[in-house]
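S.K.: Chain by chain, the residues:
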Amino acid sequence: EPEVTQTPSHQVTQMGQEVILRCVPISNHLYFYWYRQILGQKVEFLVSFYNNEISEKSEIFDDQFSVERPDGSNFTLKIRSTKLEDSAMYFCASTRADTQYFGPGTRLTVL
Amino acid sequence: DAKTTQPNSMESNEEEPVHLPCNHSTISGTDYIHWYRQLPSQGPEYVIHGLTSNVNNRMASLAIAEDRKSSTLILHRATLRDAAVYYCILRGPVWGTPLVFGKGTRLSVIA
Chain H
1 EPEVTQTPSH QVTQMGQEVI LRCVPISNHL YFYWYRQILG QKVEFLVSFY
51 NNEISEKSEI FDDQFSVERP DGSNFTLKIR STKLEDSAMY FCASTRADTQ
101 YFGPGTRLTV L
Chain V
1 DAKTTQPNSM ESNEEEPVHL PCNHSTISGT DYIHWYRQLP SQGPEYVIHG
51 LTSNVNNRMA SLAIAEDRKS STLILHRATL RDAAVYYCIL RGPVWGTPLV
101 FGKGTRLSVI A
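Line by line, the protein sequences give chains H and V. Going by my numbering, the first sequence opens with residue 1, and the numbers climb by one from there. Going by my numbering, the second sequence opens with residue 1, and the numbers climb by one from there.
Because the hints were derived from the structure by calculation, they are not lab data. Note that the structure is predicted; figures quoted are calculated from it, not measured. Hints are supplied without guarantee of correctness; some may be wrong.
Each computed SDA-like pair below joins lysine to any residue, with the alpha-carbon atoms no more than 20 Å apart [said to hold, decoys possible]:
| no. | chain 1 | residue 1 | chain 2 | residue 2 |
| --- | --- | --- | --- | --- |
| 1 | V | K103 | H | L39 |
| 2 | H | K83 | H | D62 |
| 3 | H | K57 | V | V94 |
| 4 | H | K42 | V | K103 |
Next up, chain H with everything else stripped away, as it sits in the complex (with noise of 0.2 Å):
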């Protein structure tokens, strides 16, 4: 069964560094998003992504996040300058119709 994955699998960065998750949705999907999830917290919506451009975003995802879909099949969260409070696990997912399949989430720890 096709299946969304994401590298790596957990990322340690100090505040202030760039850090570049990565995700490849399943290849006939046509939504791709990104949520994260702080420690003990619930799942936060931050973009969602169609046809080349973001359709929707959240509060958090301020000018210090981006989105890119480089090529046909990766799809790409930049955080530009992480603070602590950027700790957490992200998670990618993406559908072609109503059912959102979910990647395992890349922990992201800022020291």
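Start from chain H and add chain V according to the hints.
M.R.: Here is chain V on its own, set in the frame of chain H:
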């Protein structure tokens, strides 16, 4: 987004049925009721969804009240692998709409 209310936690014995309730008294006529679950250290996983009629799939059943103000996710025989946080989410009919997660119900399964 219309709000859902779920118990914080529930417990079940292994191999017994589990009924997970969700109240959504402000649901609109076009909102679908979606259920996702999140196993420990994993990304959310789709379980089932419906609009008005009861639904069954290989994972679970969804019973929707006639007035649609509440629904119940039914796991017919709980296994240890079903221990997870279960989220009841209302979602409009437009494809691509992001999911809004609440705190969900943490289901513990006792052997």
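S.K.: Each hint should be assessed against the structure and marked as holding or not.
M.R.: Outcome of the hint check:
1. In summary, the hint linking K103 of chain V to L39 of chain H is supported, as the alpha carbons are separated by about 13 Å, within the 20 Å threshold.
2. At most 20 Å may separate the alpha-carbon atoms for a hinted pair to count; K83 of chain H and D62 of chain H meet this at roughly 13 Å.
3. This hinted pair checks out: K57 of chain H and V94 of chain V have alpha carbons roughly 16 Å apart, not beyond 20 Å.
4. Restraint check for K42 of chain H and K103 of chain V: satisfied, since their Cα atoms lie roughly 6 Å apart, inside the 20 Å limit.
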